[in-house]
Amino acid sequence: MQYIPNLTDKEIEQNHQYFAQRISLYKSKGLDFLKSRRFILKKAGPLGGNILEIGTGTGHTTLVMAGTGYEFSSIDKDKEVLKTAALNLAYQDLLSRVKFYIMDGMSLTFADHSFENVVIVNLFHHIDVMDKLLYQADRVLRPDGKFILADFNERGMKIVESIHRREGRIHENSGIHKDYVYSYFQKLRYEIKAYEDKFHWALIIKKII
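The sequence shown begins at 29 in this note's numbering and counts up by one.
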């Protein structure tokens, strides 16, 4: 189901103040969310054709991609985080570049080979049954399409978990590492390039059929 946000100016401003505070908090620990996303997209190179982002979250990757000039679809099963992402985009006048859907990445409703690029960033550590997600992502990606896959490395995860603990929360972590994702697509004989910055690993994968 497509999600069409209904936002007020007050909500947009209040959300931006909170969003900016969160970014500053993580920056104070050395983790720059937006800089990491730019690193990942730079390694991916130009994304030609249509794009699907799986796992919108609060919109860090969404914001960077839209700010780069891409127009794309983004899905998340949580309506509230979609609204947060929409608020972040609206503050930057980028909302028109993204079409949101309330959808579970484990059961995508898009047809086979619908997209030329699939982007998944910082979702893997939330997933316990990884093969379902990877199967669905592969199903909707066209032959010769490109995966942009990334998540926190051990150093990045430690920072995130420490901030959550300080706030009295637990940050879920399934323990899925890039090696599992790499192995999955290696068995399919796809072309894989691996990268890492201080806080993230990234896999740029070409689907070769």
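None of these hints come from the bench; they were simulated from the model. Values in this document were obtained by computation on a predicted structure and should not be read as measured data. Among the clues, some could well be false.
[What the hints assert, rightly or not] Here are the simulated lysine-lysine pairs, BS3-like style, with alpha carbons at most 27 Å apart: (1) K186 x K234; (2) K57 x K127; (3) K221 x K206; (4) K206 x K55; (5) K55 x K186; (6) K57 x K215; (7) K160 x K55; (8) K70 x K38; (9) K234 x K215; (10) K57 x K70; (11) K57 x K71; (12) K38 x K71; (13) K215 x K63; (14) K57 x K160; (15) K186 x K235; (16) K57 x K226; (17) K71 x K226; (18) K111 x K55; (19) K235 x K107; (20) K105 x K206; (21) K235 x K57; (22) K206 x K38; (23) K186 x K215; (24) K71 x K107; (25) K160 x K71.
Hint check results:
no.	hint	result
1	K186 x K234	violated (30 Å)
2	K57 x K127	violated (33 Å)
3	K221 x K206	holds (12 Å)
4	K206 x K55	holds (24 Å)
5	K55 x K186	holds (14 Å)
6	K57 x K215	violated (37 Å)
7	K160 x K55	violated (33 Å)
8	K70 x K38	violated (34 Å)
9	K234 x K215	holds (13 Å)
10	K57 x K70	holds (23 Å)
11	K57 x K71	holds (24 Å)
12	K38 x K71	violated (37 Å)
13	K215 x K63	violated (32 Å)
14	K57 x K160	violated (34 Å)
15	K186 x K235	violated (32 Å)
16	K57 x K226	holds (12 Å)
17	K71 x K226	holds (14 Å)
18	K111 x K55	holds (24 Å)
19	K235 x K107	violated (31 Å)
20	K105 x K206	holds (23 Å)
21	K235 x K57	violated (36 Å)
22	K206 x K38	violated (40 Å)
23	K186 x K215	violated (30 Å)
24	K71 x K107	violated (30 Å)
25	K160 x K71	holds (26 Å)
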